[in-house]
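For the sequence shown, numbering that gives the first Met the number 0 begins at 0 and goes up steadily by one.
Bear in mind the hints are in silico, worked out from the structure with no lab data behind them. On a predicted model such as this, the values are computed, not experimentally measured, just so you know. Hints may be right or wrong, so weigh each one.
What the hints assert, rightly or not - Okay, derived cross-link-like pairs now, DMTMM-like style, lysine to aspartate or glutamate, Cα gap no bigger than 20 Å in a straight line: (1) 274 <-> 174; (2) 260 <-> 214; (3) 274 <-> 311; (4) 218 <-> 114; (5) 274 <-> 180; (6) 200 <-> 323; (7) 14 <-> 290; (8) 144 <-> 159; (9) 274 <-> 316; (10) 200 <-> 57; (11) 197 <-> 159; (12) 113 <-> 56; (13) 218 <-> 174; (14) 14 <-> 57; (15) 274 <-> 290; (16) 200 <-> 56; (17) 197 <-> 232; (18) 144 <-> 286; (19) 326 <-> 153; (20) 144 <-> 180; (21) 200 <-> 270; (22) 144 <-> 35; (23) 144 <-> 174; (24) 144 <-> 251; (25) 144 <-> 316; (26) 197 <-> 286; (27) 274 <-> 214.
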Amino acid sequence: MTDQRMLTGDRPTGKLHLGHYVGSIANRIRLQHQYETWLIIADLHMLTTKNARADIDEISANARQMVLDSLAAGIEPERATFYLQSAIPEIGELNTLFQNLITVPRLERIPSLKDMARDADKETEMPYGLLGYPVLQAADILCVKAHTVPVGKDNHAHVEVTREIARRFNHLYGETFPIPELITSEVSSLVGTDGQAKASKSLDNVIYLSDSAEEVRRKVSAMYTDPNRVRADIPGTVEGNPVFVYHDSFNDNPAEVADLKERYRAGTVGDVEVKDTLAAAINRFLDPVRERRAAFEAQPGLVDQIIVEGTERTRREVQQVVFEVRKAMGLAGAFNQLRRKAERAQKKAASQS
Numbered sequence: 000m001t002d003q004r005m006l007t008g009d010r011p012t013g014k015l016h017l018g019h020y021v022g023s024i025a026n027r028i029r030l031q032h033q034y035e036t037w038l039i040i041a042d043l044h045m046l047t048t049k050n051a052r053a054d055i056d057e058i059s060a061n062a063r064q065m066v067l068d069s070l071a072a073g074i075e076p077e078r079a080t081f082y083l084q085s086a087i088p089e090i091g092e093l094n095t096l097f098q099n100l101i102t103v104p105r106l107e108r109i110p111s112l113k114d115m116a117r118d119a120d121k122e123t124e125m126p127y128g129l130l131g132y133p134v135l136q137a138a139d140i141l142c143v144k145a146h147t148v149p150v151g152k153d154n155h156a157h158v159e160v161t162r163e164i165a166r167r168f169n170h171l172y173g174e175t176f177p178i179p180e181l182i183t184s185e186v187s188s189l190v191g192t193d194g195q196a197k198a199s200k201s202l203d204n205v206i207y208l209s210d211s212a213e214e215v216r217r218k219v220s221a222m223y224t225d226p227n228r229v230r231a232d233i234p235g236t237v238e239g240n241p242v243f244v245y246h247d248s249f250n251d252n253p254a255e256v257a258d259l260k261e262r263y264r265a266g267t268v269g270d271v272e273v274k275d276t277l278a279a280a281i282n283r284f285l286d287p288v289r290e291r292r293a294a295f296e297a298q299p300g301l302v303d304q305i306i307v308e309g310t311e312r313t314r315r316e317v318q319q320v321v322f323e324v325r326k327a328m329g330l331a332g333a334f335n336q337l338r339r340k341a342e343r344a345q346k347k348a349a350s351q352s
């Protein structure tokens, strides 16, 4: 096993979908053979936009579903450590210490935070936790001393904050953290089935990794295509057409895709054939995922065990890192000095009595 570590993960807000696969999971599956892999279930990050009690009550079920989706997609449990962020309080301590190594104006310049606030309807009153999202992310990454972070393009600025914090800490207190490198997914997102710029659970325009073959066929048959093509004999536009975006991403027969594109542009193939072919391709892609899912589901409690054992292992690692951080900063020494003086005073008082 390599001594290079990779950290990535997701917020436990529901099931994973094909957009997640294209944007991050495919990269994780490939990289798990090159790095010691840590996968965070980022429930503290979830609270920055979804903090109602009803949302919190769903964390356990959503975490289980998220891990099951990841395992079914191809993450190997012996190669990856899954852990629940909120079960490791030392991450919060690192977050507090790191807050003093970055400025508010620097965080306010991160464009994706404004997008997140807008999507959560918190644009006019951004919570402190959302502004500090990248700092908590730095604690996530550095708490296991990750060397590599796979990200989408919209998260580059977040991880750059981590790099700045690591450099600043090392400069002030001595070499403690590696400076994590970014690995960008070739495709950072997937268009929604309705033609929206991004597939999103909240927009209900996604195909889930857990969808049945019939659900896939139903969703594909309703997919948005070229709105100007009202008949099959009218030449259509392939570029930006969601059906062909999905063909390019999931159809394992490039010759078939090329033929469909040629006929679509010429107006000699209808949307029904193009969609039926796509549904078949996506189901071919998902069939092995379904088989792996069934195998894990056939072992009751296994996914929960993977999460619990991974969290316990991670906490031991993080406790060691926090010890090193406090020692480097001199925080442990401050208390020890007070304790030694208190003990000497007690001994002196005892000897005089």
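(message) Hinted pair, alpha-carbon criterion (20 Å max): residue 274, residue 174. Please report holds or violated.
(response) violated, 55 Å
(message) Hint check: residue 274 vs residue 290, CA-CA at most 20 Å. Holds or violated?
(response) Distance ~24 Å between residue 274 and residue 290 Cα, so the pair is violated.
(message) Please verify whether residue 274 and residue 311 have alpha carbons no more than 20 Å apart.
(response) violated, 46 Å
(message) Next pair to validate is residue 274 with residue 214; report whether the Cα-Cα distance is within 20 Å.
(response) holds, 13 Å
(message) Run the distance test for residue 218 versus residue 174: straight-line Cα separation, threshold 20 Å.
(response) violated, 52 Å
(message) Hinted pair, alpha-carbon criterion (20 Å max): residue 274, residue 180. Please report holds or violated.
(response) Distance of about 40 Å is beyond 20 Å: violated.
(message) Just to be careful, I want the Cα atoms of residue 260 and residue 214 compared with a cutoff of 20 Å; is the pair within it?
(response) The hint is violated at about 25 Å.
(message) Does residue 174 sit within 20 Å of residue 144, going by the straight-line distance between their CA atoms?
(response) Distance ~12 Å between residue 144 and residue 174 Cα, so the pair holds.
(message) Check whether the Cα positions of residue 113 and residue 56 lie no farther apart than 20 Å.
(response) violated, 27 Å
(message) Would the hint linking residue 274 and residue 316 be met if the CA-CA limit is 20 Å?
(response) Given pair residue 274, residue 316 is violated - Cα atoms ~49 Å apart, limit 20 Å.
(request) Take the C-alpha atoms of residue 197 and residue 232, compute the straight-line distance between them, and say whether it is at most 20 Å. (result) Violated, at about 29 Å.
(request) Mind checking the alpha carbons of residue 144 and residue 286 for me, to see if they're no more than 20 Å apart? (result) Judged against 20 Å, a Cα distance of about 36 Å means the pair is violated.
Of the hints listed earlier, those the structure fails to meet are numbers 1, 2, 3, 4, 5, 6, 9, 11, 12, 13, 15, 17, 18, 19, 21, 24, 26, in rising order.
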